[in-house]
Amino acid sequence: MALQIAGIVDTRYGVKGCDFLLPYGLASLKLVEHLARDALGETHDEIRLPTFVSEDVLRKEERVVARLRNLREREAGEDLGDLRQVLDDGDGGTAATTSGRDGIYRVRDGLLLRPKRGSLAALCSMLPLWIRSHADLPFRAFHAAPAFEVLRGRHVPLLQSAERTVVEAFVVEACVDNHAAVEAAVEAAQRILYRLGISFLATKRPDWSSRPGAWYTVAIDALVNGSAVQVFSSSSLDQAYSREFGITFEGEDGDTQYPHVSSSSLDCSRLLGASVAVVPGPILLPPAIAPIQVIVVPIFRGGGGGDEAVLAAALRVRDDLERSRGLRCRVDSRMGRRRPGQKFAEWELKGVPLRIEIGQREVAEGTVVVCRRAAGGRTVPAAEAAEAAALDLEAVERDLSLASDARWSDLVRMLPGARLEAGGEVTFEGGAPDPGFVYELAFCGTERMAEALERATGLTFLGYSLKMYRGDRACALTGKPTKNRAFLATSIS
Numbered sequence: 103m104a105l106q107i108a109g110i111v112d113t114r115y116g117v118k119g120c121d122f123l124l125p126y127g128l129a130s131l132k133l134v135e136h137l138a139r140d141a142l143g144e145t146h147d148e149i150r151l152p153t154f155v156s157e158d159v160l161r162k163e164e165r166v167v168a169r170l171r172n173l174r175e176r177e178a179g180e181d182l183g184d185l186r187q188v189l190d191d192g193d194g195g196t197a198a199t200t201s202g203r204d205g206i207y208r209v210r211d212g213l214l215l216r217p218k219r220g221s222l223a224a225l226c227s228m229l230p231l232w233i234r235s236h237a238d239l240p241f242r243a244f245h246a247a248p249a250f251e252v253l254r255g256r257h258v259p260l261l262q263s264a265e266r267t268v269v270e271a272f273v274v275e276a277c278v279d280n281h282a283a284v285e286a287a288v289e290a291a292q293r294i295l296y297r298l299g300i301s302f303l304a305t306k307r308p309d310w311s312s313r314p315g316a317w318y319t320v321a322i323d324a325l326v327n328g329s330a331v332q333v334f335s336s337s338s339l340d341q342a343y344s345r346e347f348g349i350t351f352e353g354e355d356g357d358t359q360y361p362h363v364s365s366s367s368l369d370c371s372r373l374l375g376a377s378v379a380v381v382p383g384p385i386l387l388p389p390a391i392a393p394i395q396v397i398v399v400p401i402f403r404g405g406g407g408g409d410e411a412v413l414a415a416a417l418r419v420r421d422d423l424e425r426s427r428g429l430r431c432r433v434d435s436r437m438g439r440r441r442p443g444q445k446f447a448e449w450e451l452k453g454v455p456l457r458i459e460i461g462q463r464e465v466a467e468g469t470v471v472v473c474r475r476a477a478g479g480r481t482v483p484a485a486e487a488a489e490a491a492a493l494d495l496e497a498v499e500r501d502l503s504l505a506s507d508a509r510w511s512d513l514v515r516m517l518p519g520a521r522l523e524a525g526g527e528v529t530f531e532g533g534a535p536d537p538g539f540v541y542e543l544a545f546c547g548t549e550r551m552a553e554a555l556e557r558a559t560g561l562t563f564l565g566y567s568l569k570m571y572r573g574d575r576a577c578a579l580t581g582k583p584t585k586n587r588a589f590l591a592t593s594i595s
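Heads up: the sequence shown runs through residues 103 to 595, numbered per my numbering.
Rather than coming from a laboratory, the hints here were simulated on the basis of the structure.
There may be inaccurate statements among the hints.
To be verified - Below 25 Å or equal to it, Euclidean Cα-Cα: the simulated DSS-like pairs (lysine-lysine) are: (1) 569 / 582; (2) 162 / 218; (3) 585 / 569; (4) 132 / 218; (5) 132 / 118; (6) 582 / 306; (7) 452 / 132; (8) 306 / 218; (9) 569 / 306; (10) 218 / 118; (11) 306 / 585.
What the hints assert, rightly or not - Pair by pair, the computed Cβ-Cβ distance ranges are: (12) 116 / 293: 30 to 40 Å; (13) 296 / 477: 18 to 28 Å; (14) 451 / 425: 22 to 32 Å; (15) 328 / 476: 19 to 29 Å; (16) 232 / 328: 39 to 49 Å.
Built from N, CA and C at the ideal position, the CB exists for glycine as well.
Can you make the complete structure from the sequences, with help from the hints?
And the structure:
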């Protein structure tokens with residue numbers, strides 16, 4: 103309801119899982135996209151992938167997934183060279199098929215609505231036409247488009263929907279070690295989340311929950327009301343896709359080689375949803391994605407020439423803020439029965455981070471009142487309004503960041519005493535943990551142990567923190583020393 107009142111999204115559309123974005127919400131979503139474009143624009147070129155993909159292309163991707171899965175099942179612990187040999191030999195084990203595929207919308211025989219994870223396959227089907235020699239590398243591209251998936255759980259506006267806007271980035275390069283591309287993507291995503299004041303966890307997913315077909319995946323989960331909502335992922339695909347799709351290049355020595363591929367995805371819809379969900383009470387949009395950063399409210403008396411002077415002063419302040427600071431401003435010039443307090447409340451419900459008030463007294467004194475939520479108002483000279491507004495917006499971002507740190511501390515707890523029973527099940531001394539929190543634990547166990555933890559808690563094993571413990575700690579289940587720092591949470595992936 104708060105999202106609807108704020109003019110961000112209307113959930114009353116007749117198709118389950120679909121968000122009807124309203125003008126204010128669409129403007130905010132485009133600003134989220136803009137943050138991603140800014141992060142990628144200097145190093146990546148923008149492309150636009152078709153909305154449809156052929157079944158044959160997805161079948162190739164499924165062969166990659168099947169080969170890696172079968173390899174891990176048969177020969178756990180094999181090194182990367184063995185993986186490349188298996189992929190090169192075409193030993194895929196069980197044949198992959200697209201019949202009965204779950205979670206994908208079929209348009210007609212042989213043609214599908216491109217699923218979120220189908221973008222890379224669609225791109226790789228074209229790369230053999232574009233990449234011929236080492237001079238064509240590295241290839242870096244991104245696209246912003248809707249992503250579709252069948253909604254299995256309940257619909258949560260913006261966070262869990264059948265159609266969401268994502269920005270996906272792709273890197274194809276000659277180097278053997280493409281970890282740098284993944285690390286750069288993760289760092290860029292973290293900077294965006296810091297700006298938006300979102301509490302988050304960055305984890306390396308375990309093999310069983312990495313992106314299908316990926317050698318490894320690093321994901322970022324926003325912490326929203328006790329749940330972990332995946333908003334970003336970056337995966338190293340090594341040479342698996344290159345070999346399946348026949349992407350080769352001539353190296354400097356004249357040899358034919360397979361390039362290395364990595365792929366990243368930033369979910370803009372979920373970032374917007376997390377931004378508005380993490381602040382208790384009325385919505386407060388972070389300044390970076392607020393369509394209106396400053397609302398200028400002239401205080402009218404109702405009649406007389408004074409109101410015209412107040413409106414003229416408000417328009418001058420707006421023009422100054424836009425021209426000198428590039429701020430997104432609007433003047434609420436509505437007259438009539440709407441009182442100033444009603445206007446203030448309306449703009450707070452829309453999440454506008456800053457308000458400037460101007461009445462006849464301020465016009466006479468050459469001042470304005472700058473108001474930040476929960477911080478009260480302060481009077482400044484009208485000539486300094488732009489500087490004051492810019493400083494206050496920086497303070498809003500800073501406050502949101504500090505609040506996100508505090509929420510992280512409140513939400514993340516150490517897993518209470520767990521015990522691994524002889525039958526492989528996990529029990530807790532004081533009962534199962536409260537699902538409304540995120541739990542941290544030292545963990546050196548196996549996939550079976552992680553599954554036992556999930557059964558005992560009803561939570562999801564997210565993976566391993568990118569920041570390991572500095573010294574050894576006792577594993578929560580085995581007691582063995584480990585530096586691995588893992589997390590459990592209710593997950594929306």
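Hints, verified against the model:
Restraint check: the Cα-Cα separation between residue 569 and residue 582 comes to about 19 Å, which is no more than 25 Å; the hinted pair holds. Distance hint between residue 162 and residue 218 is fulfilled; the C-alpha atoms sit about 16 Å from each other, no more than 25 Å. The suggested pairing of residue 585 with residue 569 holds, with an alpha-carbon distance near 9 Å, which does not exceed 25 Å. For the proposed pair residue 132 and residue 218, the alpha carbon gap of about 19 Å is at most 25 Å, so the pair holds.
Distance check on the hinted pair: residue 132 and residue 118 sit about 24 Å apart at the alpha-carbon level, within 25 Å; holds. Proposed proximity of residue 582 and residue 306 is supported: the alpha carbons are some 21 Å apart, at most 25 Å. At roughly 16 Å between alpha-carbon atoms, residue 452 and residue 132 fall within 25 Å of each other, so this suggested pair holds. At most 25 Å may separate the alpha-carbon atoms for a hinted pair to count; residue 306 and residue 218 meet this at roughly 20 Å.
Proximity of residue 569 to residue 306 is assessed by CA-CA distance (about 10 Å); at most 25 Å being required, the pair is judged to hold. For a cut-off of 25 Å, the pair hint linking residue 218 to residue 118 stands: about 18 Å separates their Cα positions. Among the hinted pairs, residue 306 with residue 585 is consistent with the structure: their alpha-carbon atoms are about 14 Å apart, no more than 25 Å. Residue 116 and residue 293 have their C-beta atoms about 39 Å apart, which keeps the hinted 30 to 40 Å range intact.
For residue 296 and residue 477, the hinted distance range of 18 to 28 Å is satisfied, since their beta carbons lie about 21 Å from each other. In this structure, residue 451 and residue 425 meet the distance hint of 22 to 32 Å, their C-beta atoms being roughly 29 Å apart. With their beta carbons about 23 Å apart, residue 328 and residue 476 fall inside the hinted range of 19 to 29 Å. The hinted window of 39 to 49 Å between residue 232 and residue 328 holds, with their beta carbons roughly 45 Å apart.
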